[in-house]
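**Q** Construct the entire structure; sequences and hints are all you get.
Here is what each chain is made of, one letter per residue.
4 protein chains.
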Amino acid sequence: MSHVATTFHDIAVDSLGTAEFPSPIRRARKPGENLCTFVSPEARIREFVEFSLVHPPAEERLFESAGPREHLFFRPALTRCAVVTCGGLCPGLNNVIRSLFLELHFNYGVAVVLGIPYGYQGLDPSMGHAPIVLTPDSVLNIHHQGGTMLASSRGERDPEVMLNFLLQQRVDVLFCVGGDGTQRGAHAIAMKAKERGAKLAVVGIPKTIDNDLSFCDRTFGLVTAVEKAVEALDCAHVEAQGAPRGIGLVRLMGRDAGFIACNATLASQDVNYCLIPECPFELDGPRGLLEALRSRIDGRGHAVIAVAEGAGQHLFGASSGTHDASGNRRFQDIGVYLKDRITTFFRERNRPVELKYIDPSYMIRSAPANCDDMLLCDQLARHAAHAAMAGKTDVLICYKNGKFLHVPIPMAVAKKQQVELDGPLWASVLAATGQSARYGE
Amino acid sequence: MSHVATTFHDIAVDSLGTAEFPSPIRRARKPGENLCTFVSPEARIREFVEFSLVHPPAEERLFESAGPREHLFFRPALTRCAVVTCGGLCPGLNNVIRSLFLELHFNYGVAVVLGIPYGYQGLDPSMGHAPIVLTPDSVLNIHHQGGTMLASSRGERDPEVMLNFLLQQRVDVLFCVGGDGTQRGAHAIAMKAKERGAKLAVVGIPKTIDNDLSFCDRTFGLVTAVEKAVEALDCAHVEAQGAPRGIGLVRLMGRDAGFIACNATLASQDVNYCLIPECPFELDGPRGLLEALRSRIDGRGHAVIAVAEGAGQHLFGASSGTHDASGNRRFQDIGVYLKDRITTFFRERNRPVELKYIDPSYMIRSAPANCDDMLLCDQLARHAAHAAMAGKTDVLICYKNGKFLHVPIPMAVAKKQQVELDGPLWASVLAATGQSARYGE
Amino acid sequence: MSHVATTFHDIAVDSLGTAEFPSPIRRARKPGENLCTFVSPEARIREFVEFSLVHPPAEERLFESAGPREHLFFRPALTRCAVVTCGGLCPGLNNVIRSLFLELHFNYGVAVVLGIPYGYQGLDPSMGHAPIVLTPDSVLNIHHQGGTMLASSRGERDPEVMLNFLLQQRVDVLFCVGGDGTQRGAHAIAMKAKERGAKLAVVGIPKTIDNDLSFCDRTFGLVTAVEKAVEALDCAHVEAQGAPRGIGLVRLMGRDAGFIACNATLASQDVNYCLIPECPFELDGPRGLLEALRSRIDGRGHAVIAVAEGAGQHLFGASSGTHDASGNRRFQDIGVYLKDRITTFFRERNRPVELKYIDPSYMIRSAPANCDDMLLCDQLARHAAHAAMAGKTDVLICYKNGKFLHVPIPMAVAKKQQVELDGPLWASVLAATGQSARYGE
Amino acid sequence: MSHVATTFHDIAVDSLGTAEFPSPIRRARKPGENLCTFVSPEARIREFVEFSLVHPPAEERLFESAGPREHLFFRPALTRCAVVTCGGLCPGLNNVIRSLFLELHFNYGVAVVLGIPYGYQGLDPSMGHAPIVLTPDSVLNIHHQGGTMLASSRGERDPEVMLNFLLQQRVDVLFCVGGDGTQRGAHAIAMKAKERGAKLAVVGIPKTIDNDLSFCDRTFGLVTAVEKAVEALDCAHVEAQGAPRGIGLVRLMGRDAGFIACNATLASQDVNYCLIPECPFELDGPRGLLEALRSRIDGRGHAVIAVAEGAGQHLFGASSGTHDASGNRRFQDIGVYLKDRITTFFRERNRPVELKYIDPSYMIRSAPANCDDMLLCDQLARHAAHAAMAGKTDVLICYKNGKFLHVPIPMAVAKKQQVELDGPLWASVLAATGQSARYGE
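Chains as they are written, first to last, in UniProt numbering: chain A, 1 to 441; chain B, 1 to 441; chain C, 1 to 441; chain D, 1 to 441.
Calculated from the structure, these hints are not laboratory results.
Check the hints yourself; a few may be wrong.
Since the list can't tell identical chains apart, any single copy or any two copies may satisfy a pair.
Unchecked claim - Cut-off 30 Å, straight-line C-alpha distance, at most; resulting in silico cross-link-like pairs (DSSO-like, lysine-lysine):
hint, residue 1, residue 2
1, Lys339, Lys415
2, Lys30, Lys415
3, Lys416, Lys30
4, Lys194, Lys30
**A** Pasting the structure below:
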């Protein structure tokens, strides 16, 4: 038994004003009613659950708990909501749209929920995409379908233009489903609304199949993506074993963070080399990847490689530098590069290999959410509805330590989440593959 | 910013003695090596991550972090391990066996890993089941198969007999994979060994498809079970919609806890009534379930009911009372009972229904682990190996708040985990189904 | 080389009259256009492809080839069609509805396609179910869903009443999707229409998951059902192996014909006893099934049994005799009976077994069609549309010898198709299981 | 009723000599025993089931029925068999190996079944791959796994060298699982054995995922491949709909024959353009594919294209000409070519599209067999065993008109099977896609 005094920093979320309307959500008004109560404004979630007896934390950050509030900022019957999905496809987008609609329409009874087509393009009238009024029928079966019924697009739009459109459509609440670029756009809209004194709630729902958003232990789509990635790795393993000196090479998603590659490697248990953006590696030289591969092929006859798309970009030098419409750096194709380098390496040594290259990216991101992601999407969406109706704005709904919490968007997008090279996930990958921590060092 | 002083209670786990042998596991010896370090003996995991600004916790319990220790109690090359799987089937058993073997054999290099066949029967020589020596070949593909390669059985055995057998086989470490009955047996063996001064580490791995063990946010097999349960609910929904006045009734697992039924209800989004053991309900009377069902069938034409096997046992009165070989109370079949009562109710009113009854239990528990459970099983097993090699005993490896931790077995089995009727899971179920919180009250 | 003279019997199909309207279907008008021609009225399909050199066939029946005709009886723009689905659910019903609609609406351009809800009930105005006008939107995604969007029901209705309703709705073509009971109803409507001089085309699409319709090598839903049945058998096998003296018992569909049980047994390769309606068996006596099972359990420790629902009905004596609304004999539950008899048998001998009983029927029949059934449903439906538009009536679209053909309904329902005990399918089952040809003889 | 006189040509299969040993297979010795009899040497299968009343066939070919013979050429207890799998992976290879082994080992009781590793390389001692003795354990679970447990390779080997190796290993029966290249190799071995008077039975099992072997209505792996291809097309459809002006382009297998592309197009029902080797097309010009695509994208906003790998090779001119180790012509990559041409076409017109390119080939061919292919593989393998034991040689086991038959290898490989442009499959594809029969004409 020991005593520790800690200083807590409460992370404040922006709010549109006083919540004064009673919530129509069915919750207990007081404890003991055998029904969950509303979430108290004082409920908080701790950032960390780990604790060192020898170095107990002197300081800690606390985040607002997500969940339904007893009092709302918006009067539901007068509230007009809009939802937009941005960036690349990700399993679960339709589930988020559907649960948002169901919560807002049936549980809160809002006036209307608009679907904004084609991402932020749909908030720019010059693009000519009209919003869709969502209905129970239009979302009936979408949770079993991949993609997004609203379609999506990449790229920024002028926040002023988007705000004007939202105000013209008399939208009170905007839900932005997307990654860090999208959330930066959401923040810009929220800032612009604040400047103008517009009572617009902007609530972000993190969508990054790469799982690279801070404060998010798990973003939706990740476990579906891992499941699909494992299928591709299984195929690569079958192919590698099915031919003399067979190599299966699979390129997986993961621009800045190798979570899909790491988790798929652990689940598959058949990967020999897992290459991720966080861990640079060299191909050449006596300690490079190619020599390691040669030794394995000569000894065991086959090998499986999982490479995240952002891995090894340093190998391309300055040529890996342009940016796409969303402002993401355009990556060179490390998969094709590895395929060519490996094939050439063995051919030059007169010991050719049979390399089978698989790029399952579009088959992964377009898959319907699996059961676990369905549950996560449903909760994320409903918590977003609760936050918005309570008047929270410029806020991202995050899932961390098994809880849902509110994080100010600027804080969430300040830094990308990555696989920690000195953390347990990477250690597990190294143990499972038996690979060297760093090739070429 | 605020200051809080909390008293921490450190939950001690039993240990066989001083850990003095260096671990062969590849980990960083000090921070900064870009590789995970060993887990420090002072690392702890908090029990709760929720926090109230108005009532900050005055006391908290801390649990040992699981993970590889720098020093071992057992000298690997001389260590003999055994693994036993007890109770009903559960997705992931083979994955646990396999990862235990791989970690012990390849990473620690232990002398032998024995597989004990047919649960605790296999530790009783009078039953005539000889242990199996596990090999890389024998576990090669088992992670893709349901069931357990060791087979299982229910029921207790004399701890004295089991200990004698283990000592005769010169076993140093026993891994017990099972639910609370199994873990009580594991505790009894550990106690008996302590009495006799035998240096036997007994490490439990929680296996309860019902998720009813305390300190376990999620036990392996649960998410696979939910996924399979959703398939059954989807079928029930299709059947209910496919006939005039159709009702789909699905009996799901859950003797004392309704986690499968609740989560499957949320993922399916088509269930109208979710009945769990934690929430008693009445069938008859104006506020009973049957009247509610009548109103729905007359209005909407079809209904889907998910009932956990332990729900509504009070309806059987004293007749629900005998016990099976594991000491579990034998339950009356609530599924068949509901089927008969509902059919009769509507037939008597000359408004018959078409009720389709589905009991998918054996198709759920025998399924192979899905990708997410594969990852959980792998980690649980490897953490169990780490705990055992470090000399921990009478300990259960739990997964809570996203972390793996050590819990003394007696503390873990003192109380079953249940769905909290005033918690968010049940609130979500009520919101998703629109059902009354309690029928008949 | 040899010469054979055979007499051919041409099986005539009923026709409403002269086909005089040109078909709008895109087909070649003459050979050599690199596009399929219309199907000639003289095209025939042989009944048998087997041939004995020593006994060449002296007589053969020829059936009309199905397919688009160059001239139609109905003028598409004025034609009103209706589709009804009857009897129990079967994978592929929605696919049939959808392809019928697509062919009629887009390729022929008919005026309207009505969906008749709840089977033949929907043709009886006293039941109060209004027909639905099908649209491209309403069938958009149904091919991925199990069940039938129109719902179904069992039981006969007065053909006079149904015909009156059809005429009142000005329906020209009725498509009846169902088994032999349904097709008898279709025949009755067609006869009644003929009597009244009504130009109503009645075209049957065979729906029997049991595959028990004559002239049908394969009915839709069968391969999906076998796939799902194999999943249940796999589970039974895992359960049987997972416990001491484990028995997995799976009841499969198959009232009069054991095709699902036989094919699932062959695909699973883990079944030890396959019991079908065609092959009576005894439980008791030294050559009965129970003794055979005892010998296997004592020797091998586990067993898997697949039993079709219609098997062993003779064991119930006269009690197996009542009939359901469709006129089908009500069967006693052979699955539950076997479960009880086997459990008692071993308990009485003090050598109890652990028997796990699985009845997956509702999970099989409500499944969405697999890819192969999708293709079959699509073709059956489009061939039905072609037959109807050409004025064929009282006709069933069958799939035999890899071809689609027209069979007069009365001929098709005269006799049920069964597994031939002296044919190759049953021989394969006996070889795969090693079971005796007949227990108890 | 009509009389037709037809001349039959009996297609003789090569035989090693008189079959004089009684078969140990359990079959009826005479009809009426309620068990299938052995297949009579006079049993034949007709080549065609279609028949024209106006042009009845004057001539017909008859093929030997496959199946167990009452008398064997080989004495099982002394017979040594070998099986080799050649060419690219295909779903079902392991199922064929397993059923071959089970039939030969358990039903015939042959002395040994050797597995030849790495295709024909394994019959050339200079390659250093030793044969494997198959056992019940080694094939236990392989039927659930993709690939081939024996591994495979491409390319020819000297038949003299292979025959010498087979004789040195005292092999009596060689089963060759492969496509037309492999079967030509099998024929060469059979010819060489005949020259040398060696009593070696060479039995081919057709393996072509493309389904391009004559006399084979369906080769194993095809329906699994179609199922997997449909998954890829579904993804492409989701991607195409998920972006402004989205195009999904999927390259499927099919070097000389477009069966996978056609069937997947029909099952998916979302493909707008299906391009196959049998049907040349032009990209440019007012009637070319690019203009058709432009019109669709401008009108409907998205499009899905399925292209078989052998389609459009004429677009590459003479550059599409080198050959691989199996003597197959090396194809230019039509998928990448189309991707580039389409992207450029729209970019040049300042109306860019978002094209997502998917090449699922390695994920298709490495998949485990689905249930339907499992059944086909099992039967093909057992029929191959029957043929071999009866002394048939230089023979291919084919599946046509729903029956299994014997075809002399030289006849089977004389001509590739292709999709008939004037047949019903291609007509269905044109109807389903609405595409022009030939672009650019």
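**Q** For each hint, tell me whether it holds in the structure or not.
**A** Results of checking the hints against the structure:
Taking the shortest alpha-carbon separations for Lys339 and Lys415, neither the intra-copy value of 32 Å nor the inter-copy value of 36 Å comes in at or below 30 Å. Taking the closest pair of Cα atoms, Lys30 and Lys415 come within 30 Å of each other only across two copies (26 Å); inside a single copy the shortest separation is 40 Å, beyond that limit. Taking the shortest Cα distances, Lys416 and Lys30 sit within 30 Å of each other only across copies (26 Å), while inside one copy they are farther apart (40 Å). Proximity of Lys194 to Lys30 under the C-alpha cut-off of 30 Å is found in neither arrangement, the shortest distances being 35 Å within a copy and 49 Å between copies.
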